[in-house]
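Residue numbers (my numbering), protein chains in the order written: chain A, 180 to 418; chain B, 28 to 232; chain C, 28 to 232; chain D, 664 to 884; chain E, 664 to 884.
The hints are simulated quantities; they were obtained by calculation from the structure and are not laboratory data.
Keep in mind the model is a prediction, meaning the values are calculated, not measured.
Hints are supplied without guarantee of correctness; some may be wrong.
Unchecked claim - Straight-line alpha carbon distances no greater than 20 Å define the calculated SDA-like cross-link-like pairs of lysine to any residue that follow:
hint, chain 1, residue 1, chain 2, residue 2
1, A, K352, A, D304
2, C, K46, B, S198
3, C, K94, D, W751
4, A, K352, E, V866
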Amino acid sequence: MADLHFLANPARFRRFSQRVLPSLAFATVLMLAVGLYMALIQSPPDYQQGDTVRIMFVHVPSAWLAMAGYALLAGLGASLLIWRHPLAALMARASAPVGAGFCAVCLLTGALWGRPMWGAYWVWDARLTSMLLLFFLYLGHIALSRAYDEPERGDRAAAILALVGVINLPIIKFSVDWWNTLHQPASVARLGGPSIHPSILIPLLWMAATLFLLFVLLVLLRTDTEIDRRRLENAELQA
Amino acid sequence: MASFPLEVADLACRRGGRKVFERLSFTLGSGELLALVGRNGSGKTTLLRALALLVRPEAGSIHWQGKDVRAEPEAWRGRLAWLGHLEGLKGDLTVAENLLAAERLRGAPPAENRLDSALVAFDLPPLAARPVRTLSAGQRRRTALARVVLTQAPLWLLDEPLNALDAPAQSAFRTALKKHLAAGGLAIAATHADLGVPGRTLELA
Amino acid sequence: MASFPLEVADLACRRGGRKVFERLSFTLGSGELLALVGRNGSGKTTLLRALALLVRPEAGSIHWQGKDVRAEPEAWRGRLAWLGHLEGLKGDLTVAENLLAAERLRGAPPAENRLDSALVAFDLPPLAARPVRTLSAGQRRRTALARVVLTQAPLWLLDEPLNALDAPAQSAFRTALKKHLAAGGLAIAATHADLGVPGRTLELA
Amino acid sequence: MSGFAALVARDLRLVWRRPGDVAVVLAFFVVATTLFPLGIGPEANVLARIAAGVLWCAALFAALLSLDRLFAADFEDGTLDLLLLAPWPLELAALAKCCAHWIVTGLPLALLAPFLGVAFGLEPGVLLALAATLLVGTPALSLIGGLAAALTLGARKSGALLALLALPLCVPTLIFGSGAVEALATGGDFGAHLAVLAALALVALATTPWAIAAALRQAGE
Amino acid sequence: MSGFAALVARDLRLVWRRPGDVAVVLAFFVVATTLFPLGIGPEANVLARIAAGVLWCAALFAALLSLDRLFAADFEDGTLDLLLLAPWPLELAALAKCCAHWIVTGLPLALLAPFLGVAFGLEPGVLLALAATLLVGTPALSLIGGLAAALTLGARKSGALLALLALPLCVPTLIFGSGAVEALATGGDFGAHLAVLAALALVALATTPWAIAAALRQAGE
Ligand code: HEM
Ligand SMILES: Nc1ncnc2c1ncn2[C@@H]1O[C@H](COP(=O)(O)OP(=O)(O)OP(=O)(O)O)[C@@H](O)[C@H]1O
Ligand SMILES: Nc1ncnc2c1ncn2[C@@H]1O[C@H](COP(=O)(O)OP(=O)(O)OP(=O)(O)O)[C@@H](O)[C@H]1O
Ligand SMILES: [Mg+2]
Ligand SMILES: [Mg+2]
Numbered sequence: 180m181a182d183l184h185f186l187a188n189p190a191r192f193r194r195f196s197q198r199v200l201p202s203l204a205f206a207t208v209l210m211l212a213v214g215l216y217m218a219l220i221q222s223p224p225d226y227q228q229g230d231t232v233r234i235m236f237v238h239v240p241s242a243w244l245a246m247a248g249y250a251l252l253a254g255l256g257a258s259l260l261i262w263r264h265p266l267a268a269l270m271a272r273a274s275a276p277v278g279a280g281f282c283a284v285c286l287l288t289g290a291l292w293g294r295p296m297w298g299a300y301w302v303w304d305a306r307l308t309s310m311l312l313l314f315f316l317y318l319g320h321i322a323l324s325r326a327y328d329e330p331e332r333g334d335r336a337a338a339i340l341a342l343v344g345v346i347n348l349p350i351i352k353f354s355v356d357w358w359n360t361l362h363q364p365a366s367v368a369r370l371g372g373p374s375i376h377p378s379i380l381i382p383l384l385w386m387a388a389t390l391f392l393l394f395v396l397l398v399l400l401r402t403d404t405e406i407d408r409r410r411l412e413n414a415e416l417q418a
Numbered sequence: 028m029a030s031f032p033l034e035v036a037d038l039a040c041r042r043g044g045r046k047v048f049e050r051l052s053f054t055l056g057s058g059e060l061l062a063l064v065g066r067n068g069s070g071k072t073t074l075l076r077a078l079a080l081l082v083r084p085e086a087g088s089i090h091w092q093g094k095d096v097r098a099e100p101e102a103w104r105g106r107l108a109w110l111g112h113l114e115g116l117k118g119d120l121t122v123a124e125n126l127l128a129a130e131r132l133r134g135a136p137p138a139e140n141r142l143d144s145a146l147v148a149f150d151l152p153p154l155a156a157r158p159v160r161t162l163s164a165g166q167r168r169r170t171a172l173a174r175v176v177l178t179q180a181p182l183w184l185l186d187e188p189l190n191a192l193d194a195p196a197q198s199a200f201r202t203a204l205k206k207h208l209a210a211g212g213l214a215i216a217a218t219h220a221d222l223g224v225p226g227r228t229l230e231l232a
Numbered sequence: 028m029a030s031f032p033l034e035v036a037d038l039a040c041r042r043g044g045r046k047v048f049e050r051l052s053f054t055l056g057s058g059e060l061l062a063l064v065g066r067n068g069s070g071k072t073t074l075l076r077a078l079a080l081l082v083r084p085e086a087g088s089i090h091w092q093g094k095d096v097r098a099e100p101e102a103w104r105g106r107l108a109w110l111g112h113l114e115g116l117k118g119d120l121t122v123a124e125n126l127l128a129a130e131r132l133r134g135a136p137p138a139e140n141r142l143d144s145a146l147v148a149f150d151l152p153p154l155a156a157r158p159v160r161t162l163s164a165g166q167r168r169r170t171a172l173a174r175v176v177l178t179q180a181p182l183w184l185l186d187e188p189l190n191a192l193d194a195p196a197q198s199a200f201r202t203a204l205k206k207h208l209a210a211g212g213l214a215i216a217a218t219h220a221d222l223g224v225p226g227r228t229l230e231l232a
Numbered sequence: 664m665s666g667f668a669a670l671v672a673r674d675l676r677l678v679w680r681r682p683g684d685v686a687v688v689l690a691f692f693v694v695a696t697t698l699f700p701l702g703i704g705p706e707a708n709v710l711a712r713i714a715a716g717v718l719w720c721a722a723l724f725a726a727l728l729s730l731d732r733l734f735a736a737d738f739e740d741g742t743l744d745l746l747l748l749a750p751w752p753l754e755l756a757a758l759a760k761c762c763a764h765w766i767v768t769g770l771p772l773a774l775l776a777p778f779l780g781v782a783f784g785l786e787p788g789v790l791l792a793l794a795a796t797l798l799v800g801t802p803a804l805s806l807i808g809g810l811a812a813a814l815t816l817g818a819r820k821s822g823a824l825l826a827l828l829a830l831p832l833c834v835p836t837l838i839f840g841s842g843a844v845e846a847l848a849t850g851g852d853f854g855a856h857l858a859v860l861a862a863l864a865l866v867a868l869a870t871t872p873w874a875i876a877a878a879l880r881q882a883g884e
Numbered sequence: 664m665s666g667f668a669a670l671v672a673r674d675l676r677l678v679w680r681r682p683g684d685v686a687v688v689l690a691f692f693v694v695a696t697t698l699f700p701l702g703i704g705p706e707a708n709v710l711a712r713i714a715a716g717v718l719w720c721a722a723l724f725a726a727l728l729s730l731d732r733l734f735a736a737d738f739e740d741g742t743l744d745l746l747l748l749a750p751w752p753l754e755l756a757a758l759a760k761c762c763a764h765w766i767v768t769g770l771p772l773a774l775l776a777p778f779l780g781v782a783f784g785l786e787p788g789v790l791l792a793l794a795a796t797l798l799v800g801t802p803a804l805s806l807i808g809g810l811a812a813a814l815t816l817g818a819r820k821s822g823a824l825l826a827l828l829a830l831p832l833c834v835p836t837l838i839f840g841s842g843a844v845e846a847l848a849t850g851g852d853f854g855a856h857l858a859v860l861a862a863l864a865l866v867a868l869a870t871t872p873w874a875i876a877a878a879l880r881q882a883g884e
């Protein structure tokens, strides 16, 4: 947040992002190339799941980023409502679709993975369901921030929603976990949690770092665009 | 120190990204009326809403008896009587019920005799038991004006109070306004017509 | 036989069980303006709505060029331009879109040049691309008046057309009304203020 | 006719101004269907058993939620007076409003439903049947819901009571809609159910515009 | 406090003037729940299995359906300005509105639900449990829905958007509400579930009024 304080002024942010973006983009592409090599070629197929295990290298980091993204939205919402940082609104507007995108990637890769593994695209497992609800929270945020003529009103309404949503996320997660354990689900094959072999763990962490960079890159790019658009609209209005 | 109850300094407002007015300053003393005039879209309604803290001004300050009103917004709101473009009446409630409900919403105890005199002031007794939905435009406006009188607030904020009123209702309004001013009240009214009550004028451009 | 385009005979209306007026008769010739005046609640709006067949009169008849208008209600509606207390504008559409949509809803082909002149008549070109939601009260009213002008209907029915208009807009309205009358049009307007255009007056009691 | 097209176009344009609106209705549809498993529990066989009913129910809710402002917005801003004064039959205007509503809700709902059916574990054939029944049945929902929306406009108490009568009118559509899908799943006569559904939609098409126009006229008084 | 009571009283009186509006919500609840036995068929074991979930989902939708006008009516006729200008905390006003909403929907829904449960073949004890969970849980629905209603003020198609915002936030209430009933039916710990449900309602009570007030303030701008 301290950094955001410094960057709260859109113009200053603009100068900062212009300086950082090229190298960030370069780093992302480079890491992606290496990561894809590690994930698709170097790492061994799983003895149980075969090559489908490679979906995991995208699936798991997407899940992490989707969850982190909502926390980011809440933080931005707070800084908009409390400190009235103009940049926070633009950044929230820019990052919500990115977070929703990673959430969708997690759901889609999970569904594609589920077909060979569980014989169904979708089962009502607790983890899947809470991810789906997170996706809905994202959708609500995006829809609300666009539902007004005056973008400022949408920004503030969405900020309130993000704050309430982030308080509720643990409650939702808890209740869904509880819900599913009550009705014994059709038992789900899953990799043992922590006992992942290093040959898989290293590419996984690498891909997580890569996708994190991608997330940052997309948010910065989209924030830039939002600043431009807001300026253009204001210029039109003044005319 | 402050000799004027209401002091507005350097107020600036934007709507939808457009600057509506800026560096607007004025003071208003007890018993004074300020008429806001200006072309359509010059910002009269916006100014009234900013004074009521319904719109957040971009810059400037509003002081009541030397204190910034934003420090204690609830006390400030207690000092205001509001009449907007929209009357704020419930069509399903009768005239009397609407007035009583509005009073109770302000936390004031319902006062039957005050209600009666407010109704009489605007010639409303024959309509008191009618649902507002069945009133004509001017009858609704009169009901809203009766609510303003009932409020007993020191500062009236009125947006085009004469709209839709017939001649007798207009003079009833003038009488009520004069009484309010004579009792030391303040009033700010946006208008296109002549209010017919002596007062200062602020022209928005 | 009928020398007057509009002949209203023995019209009677009730609202909510109450008689509003009865035995109301008048005629109106080409190029004539009828100003409806009367106290709040005297039935001006009701009469306008009855003429437009929006309210069913209890008794009486309305003839246009000798024919009962209720025989061919659609043709009759095609001859009317309507301005009510409510403007009938969509906040999400721009001023220009609102006017075009209203024209198209009447089944008329959209006419760009007519649109332009209607906008110019009420000083609306700078606002043409703004969503109506962001307009001030008078700006909305001017948009609704532009719609009336655009209609090119022979009979204008106007309910308090001067409401919320500033002085330049009021004179723009007068100019438009005079032009309409000079072209042989008819107009009936309910009003509390002076319309400023010569015409007959009907007082409702 | 040109007025009809103009009205449909205007309503579509109003929606187009806020493309999010359609997305919202669809998102609601998705969220609503998700709620049933959460309420009922995740057992696959139970879910597949009730899938058609749940999806049809959710479609009804989505239609109702999006319908409630169909005429109310026009009523409150005075546009309804302009429609009443338009020199062409009000019945056509009523039809045009319902038509525009169906294009932006019924149609996308029908196209989206099969994807949701997957989450309930339905077979591909059943998924297609589901879409077909929704395509045929949702126009009836738009029309009947439009009637309810028009009736609730007129402030009178009779209006509200009549709206009460309008709600159960959707029940036959729902029964034959979800019934058709289940008929296919359980080897019943899908075609017959679909035919009844189409007949219901036609009956709605032939009757509701008049009723809606009457309701609008009395709301305008 | 007197302003609070006055606001509740005013809203109740407004509803009293139009009893039909409550009737429509209740009728919707009845229609929505009876559809399931009709659509799914008369197998008693399936019906009893899904009864709690279906009734809870229907109650949630009924509450949402009636919520979208909670603040919109006040917004459109200018009364919201008066509320914003009242010299007592807006948070209390928000609470009062939700309170009045609960009295006219949540409460009757809870009282009506047991009668509908009979149609699903629930035992008397389970019927009582159903009513109890609804009594405890519906206040949370009114509050969360009220927040969504306030957030969507002034946005178009607010009905569907409101539902989209509110439904995910209502999921915990739904899960514990229907879960409690099922716990009783299957010999689980009913009391514990009910306690969690009450806790959820209290969390909503402690948080939503502030959020609603914030949303209303910015809607007034
Ligand atoms: C649409 C379906 C799916 C969704 C929404 C989903 C969601 C998630 C989420 C949210 C996580 C992150 C959990 C965390 O780190 O806290 C995750 C991790 C994981 N998922 Fe999925 N998943 C889906 C399908 C699958 C399938 C089919 C498999 C393979 C059988 C799978 C295997 C894994 C593995 C191995 C992890 C990492 C293990 C761990 O961190 O504990 N997922 N998934
Ligand atoms: N919600 C809004 N969004 C954007 N712009 C707005 C909004 N409301 C008002 N405006 C603009 O702000 C300016 C001032 O409007 P305001 O309503 O204060 O004018 P006014 O002086 O009251 O005019 P009138 O005499 O027509 O009532 C106008 O140009 C108007 O178009
Ligand atoms: N929907 C209604 N139901 C019952 N009575 C009504 C209704 N609308 C109007 N009235 C009554 O009919 C009478 C005439 O109303 P109308 O609106 O025609 O008056 P008006 O002359 O236009 O008044 P104003 O100058 O205030 O606009 C009034 O007494 C009014 O109270
Ligand atoms: Mg104004
Ligand atoms: Mg009138």
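Original post:
Can you give the numbers of the hints that this structure goes against, from lowest to highest?
Top reply: 2
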